[in-house]
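Chemist: Read off the chains here:
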Amino acid sequence: MANIEFFLNGTPRQCHVAPDTSILVLLREHLGATGTKEGCASGDCGACTVAIVDPHAPAPAYKSINACMTPAHQLQGMALVTVEGLASNGRLHPAQAAMVECHGSQCGFCTPGVVMSLFTLYETSVGEQSLPSPEQLDAALGGNLCRCTGYRPIRDAALQMLTRDQPAGWTHEGSLGLSSAQSSVPPPTDDAVFFYQPDSLEELTKARARYPQARLVAGATDLWLETTQQLKPLDQLIDITRVKALSDIETANFNAQKGWWIGAGVTYTQLEPLLNDHFPSFAHLLHRLGSQQIRNRGTLGGNIANASPIGDTPPVLLTLGAWVELASISQTRQLPLEDFFLGYKKTALAADEIVSRIFIPRLGEHTACHAWKLSKRREDDISAVLGAFAYRLENGRLHDVRIAFGGMAAIPKRALKAEQALEGKPADANCFRQAQAALEHDFSPMDDVRGSAQYRRLAAANLFERLYLTLSTPSQEVMLHAYAH
Amino acid sequence: MRTLTRLDTQNRHARRELDDKIKGDGPLARHTVTINGRCHAGQSSIHESAEKHVSGKAAYIDDLVLPADALHIALGLSPVARGMLTRLDLDAVRLAPGVIDVITFHEVPGHTDIGPVFPGDPIFVETDISYAGQCLFAVAATSLHAARRAVKLAIVDIDEQPARLDPVAATQCEELVRPTHVQERGNCQEVLQQADQVIENDLFIGGQEHFYLEGQACVVLPTEDDGVIVHTSNQHPSETQKLVAEVLGIALHAVTVEVRRMGGGFGGKETQASPWACIAAIIARRTGKAARLRLPRSEDMHVTGKRHPFHNRYKLGFDDQGVIQGGEISLIGNCGYSPDLSDAIVDRAMFHADNAYSLGSARVTGYRAKTNTASNTAFRGFGGPQGMMIIEAAMDDIARHTGTDPLTIRKRNLYREGRNITHYGQTVDQCQLLHTLIEKLETDSAYWSRRKAIAQFNATSPVLKKGLALTPVKFGISFTAQHLNQAGALLHVYTDGSVMVNHGGTEMGQGLHTKICQVVALELGLDLAQVRITATRTDKVPNTSPTAASSGADLNGMAVRDAAIKLRERLFDFAAAHFEIGLDREGMHLEDGMLVAGLGESERKIPWGELVQTAYLNRISLSEKGFYATPLIHYSRTTGQGRPFYYYAFGAAVSEVSIDTLSGEYQVDRVDILHDVGNSLNPAIDIGQVEGGFLQGMGWLTTEELKWNDKGVLVSDGPATYKIPTFGDLPDTFNVSLLEGHPNSMASLYRSKAVGEPPFMLAISVWSALRDALSSLTDYRISPRLDTPATPERILLASQALRVKTL
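Order-wise, the sequence lines are chains V and S.
For the first sequence, position 407 (counting from the first letter as 1) is numbered 407 according to the UniProt record's numbering, and the numbering increases by one without interruption.
For the second sequence, position 421 (counting from the first letter as 1) is numbered 421 according to the UniProt record's numbering, and the numbering increases by one without interruption.
Incorrect hints may appear among the rest.
What the hints assert, rightly or not - When the alpha-carbon atoms are kept at most 27 Å apart in a straight line, the in silico BS3-like pairs for lysine-lysine are as follows: (1) S:K452 with S:K411; (2) V:K63 with S:K625; (3) V:K232 with S:K152; (4) V:K232 with S:K711; (5) V:K206 with V:K244; (6) V:K345 with S:K152; (7) S:K452 with S:K711; (8) S:K566 with S:K625; (9) S:K152 with S:K566; (10) S:K625 with V:K417; (11) V:K206 with V:K413; (12) S:K52 with V:K63; (13) S:K711 with V:K345; (14) S:K805 with V:K425; (15) V:K232 with V:K206; (16) S:K707 with V:K232; (17) V:K346 with V:K232; (18) S:K57 with V:K345.
Honestly, the hints are just simulated from the structure, not real lab data.
The task is simple: from the sequences and hints, build the whole structure.
Modeler: This is the structure:
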């Protein structure tokens, strides 16, 4: 297998590791760089946060990621910055110095990860006129668990560091000028064990056809749990992230609708501006999907192809009437998203197919969309219930009602009976009561670690009451500001 | 010192101003002992490892560089909670790639029971399986990955039996890990018969996973004299030393245990760090190679015990003013399968079933229920928080019952002169401080005007409801096991004047080592930079107590001070006799790196370095050990009476919350805290303990939910399913102050007070505020049941039963 060539804290490195090696294992076990810590090996605690930048990108920007859940091979051609690389000439980086002065570390184990999240915040916001908003701070630091401090001194450090100047001489620009290294890992020479990074859709579909048993990887935010938690080998991996066509967002007309084709490899972070502009409720949901580190890695295509009953985007996409495009070496086909999910973790994807794009139609006039996620913790938690509602309100009546739920069935699923109870009806208490009753026939949810069936049923029904109140008494606040949008 | 957290400009400015004041010699950095205007204890010195933390240079166990042939250990765990092990076939495991050694119960050379205080914790299962996650065997291989994969090849047959998971049922049929204990003062039956009003209620209080960011880990190196050196992430090195020696069947002097720092402990590494050291020690001795054992997160969560869940009940009689006359409280601690520290933990729950209130004539009973889960263990507060919850629940209940504001009821019931003896017979010194503190907080937080505003808000808001609560904390400081209240220290001065100090306490992030260095710098008149603390080691300071019970600085600080004073006095005696210039022994002191003698014109100064060099050349010892034992404390478990605590630490918090009665979602809008640390040793570190403890307590009572399936297997076994507070859970407004001007009434270290655990319980105010918001749905007539953790699910189910539906 090929060497990985990348820059580590400004220095070129070449490494040779197995396909299922994470950046964290590469750093700690192969390179002896133990500053980056393992707290959970599941992408939930942020102790392993590092910063990565693609020097080939038009506007290279540091992104925080979880080293424990990122395949080392995806470093190919990238520049990686770890906690050991921040200080220069014996001087701490502003993110580090502020943490020291604000008493931001106690036991210190989460600190390298916190510092790296602060570093990316610093790099993206230093020089801005105003300090980051509470929402921006939440986003930057919500993926770093600290069990000691209670976060106040970390928040202080985040604000204080931005009043400090970039230390002279601190730069990894050298690595940004990187040109000699190949930007992707070449085709496999060994059919049994490989990490292949095709750089075109054609190469990708060819590889898919040739290695139907290989696993596709993009953000790896779920796939990688198979190796870190279940110790399953991941010997054959095909990485889709180097296929340009899969990371584009294009405006388009499809099926007589205006909208956007979103490449399956588009990350949540890349998706954010579009959602902010056109689907604010969806954008708000995105802030509560995983952490910044996860959003920088996870992809829309992954969330769909993974077909989890508790994925956050599918219910919203179902209500928006999204389509998926599936590509193989011989053909491309499109189907409505609801036809894609067949059963628990079962999809319409054939063995030689990949999810290539997702079409999201633009919201029509007078059309509203809400996405309401209920979870134990507001930030970085998986939904117990996620309810998404889209409808057109005209002359006091509801039309084109589409309602879908996550966490209520084995797949993300539309609430067809509840939709029917509302379709064409006046938005009054009676209709919503009937929709609540109909919902009982749409779903029979489960008890699990995230909530009881009783809670799920009740909470889902109450979301109809929330929607009713939103429509009937718009001046009344019916959501907490931490959750409202 | 206070901190303010709000992101508007005005508060940012205020905070910056305050920060300036607390830095260095600012007026708010209270110099508790001042020698000629200069001291180190009392300053907000930064954590001794802070620069290493932020640059990744602070080494934890898994960062230690080992010899190339070092072994990595993985554990084979029981998948079932109760049963008999009928077959354990490890042949395939032994043959797996990279495997060097496999051990079971039968390979243990010495003791097989590693119960820390009482027996009951087998190092490996022999036949009886007591919980899911119990250790069956261990595999040592050339890599952790190889070891973990090999574990999966084991063939394990278990004759499974139904797990016992209900602690209440266990108590009823006397399935207990330790005998029941009772504390009684006065005749509660008589009071209950005669009281104006009597109410009773019960409450379930969930447990809590420690979730230290660094999981359990150790490295064991074999030594040439058949012993071992153990590097471990551990709050109790001396106990690990003893258990490792016993398991290997060797003397304690052949085992050295070293702890540089922990990536968090919180009680979870007091007794439960030892088993891994014992297993790794057996492997290291058998193979002659270094052995590392680090538990991956989910295994850590399955294998180790947690904060005890409790089922508590009260029956209390009170007068028409809501003042408690007496009654009964019973506490059932779910101890898991073995005693571990549960005897003392349930005791401490009992000691805190009064919190800050006089119970009158009361009988408090503590049960130690045995169930088929991991053995529950120490966790910040050590049962105290669970004990307090029941009386705080009662305060709210009495308030609703009498139609009075809960704060009024709480204030009426506080310990006061004439009602200042606890149900276990200790007089509450400084009980007036509770009143002072609450009144100040009540004013500073504008409790009553906010109460009014909230009532108005709730009257006009159909879905969102606000709640407000002020709850106090009174927490007893001392180990309740008397013998643990001792500490030792070792102080070396080298010939260049640099100082090295060691003591029995361990650093887990709480800033103990920083405070200790401050003590030495203060007593020897040196800069902090001249004082270095190195790893805690059993061969430097022996027979130590765990770093627990908030006692780290109290005990070890006093021992270190003892050593420093002895050394200083020896140097003074020497200087007075030796130097020809004639130094006045009276009034001699160390200051700014100088020995200073005499006053005015006769003042003489000798630089510290010169003093030390001269003393060395004159054969004066530059090394000293120190010792401390807490005076006055005693407690009789026969009578249930005594003075178990040297003193009490106090505090209070006001929390305001909003709940969404349709979804069960909630947010903490504002928190104000005033906390008593006596004279602060380091205001920044103490504030860090207060804030960190509060958030951790809030997590315990809100989102941190442990769930087991009906077979007794933990299903909330990682951060994806077990949710500790994250950045966004920091309240929008968070005002934290240390109470100024009230030194400890007891002769503690510079009249400071312990701070590790007490602030944890300030978070009860959040739970009480959530309950207050729910109660608003009934116009404050009903006190709704709210078991903990108060997850959105529990809030929703509670509110759904009370709210007016619009559909």
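Chemist: Against each hint, give a clear statement of whether it holds in the structure.
Modeler: For each hint, the structure was consulted:
1. Under the criterion of a C-alpha separation no larger than 27 Å, the hint pairing S:K452 with S:K411 is consistent with the structure, at around 19 Å.
2. A hinted pair counts as satisfied when its Cα atoms are at most 27 Å apart, and V:K63 with S:K625 does not qualify at roughly 51 Å.
3. Proximity of V:K232 to S:K152 is assessed by CA-CA distance (about 11 Å); at most 27 Å being required, the pair is judged to hold.
4. Taking the CA atoms of V:K232 and S:K711, the gap is about 26 Å. The hint holds against a cut of 27 Å.
5. Only pairs whose Cα atoms come within 27 Å are accepted, and V:K206 paired with V:K244 is accepted, the gap being roughly 16 Å.
6. For the proposed pair V:K345 and S:K152, the alpha carbon gap of about 25 Å is at most 27 Å, so the pair holds.
7. In summary, the hint linking S:K452 to S:K711 is not supported, as the alpha carbons are separated by about 49 Å, beyond the 27 Å threshold.
8. For the hint pairing S:K566 with S:K625, the CA-to-CA distance comes to about 8 Å; that is within 27 Å, so the pair holds.
9. With a C-alpha separation of about 58 Å, the suggested pairing of S:K152 with S:K566 is violated against the 27 Å cut-off.
10. This hinted pair does not check out: S:K625 and V:K417 have alpha carbons roughly 79 Å apart, beyond 27 Å.
11. Annotation: proposed proximity of V:K206 to V:K413 is violated, straight-line Cα distance about 32 Å (limit 27 Å).
12. Taken as a hint, the S:K52 and V:K63 pair is honoured in the structure, with Cα atoms around 24 Å apart against an allowance of 27 Å.
13. For the hint linking S:K711 to V:K345, the alpha-carbon distance of about 26 Å falls within 27 Å, and the restraint holds.
14. As the CA atoms of S:K805 and V:K425 are separated by approximately 21 Å, the hinted pair is consistent with the 27 Å bound.
15. Pair hint V:K232 plus V:K206 holds up; C-alpha atoms about 25 Å apart against a cutoff of 27 Å.
16. Distance restraint check for S:K707 and V:K232: the Cα-Cα separation of roughly 26 Å lies within the 27 Å cut-off, and the hinted pair is therefore satisfied.
17. Between V:K346 and V:K232, the direct Cα distance comes to roughly 20 Å. Compliance with the 27 Å bound is thereby established for this hinted pair.
18. Restraint check for S:K57 and V:K345: not satisfied, since their Cα atoms lie roughly 43 Å apart, outside the 27 Å limit.
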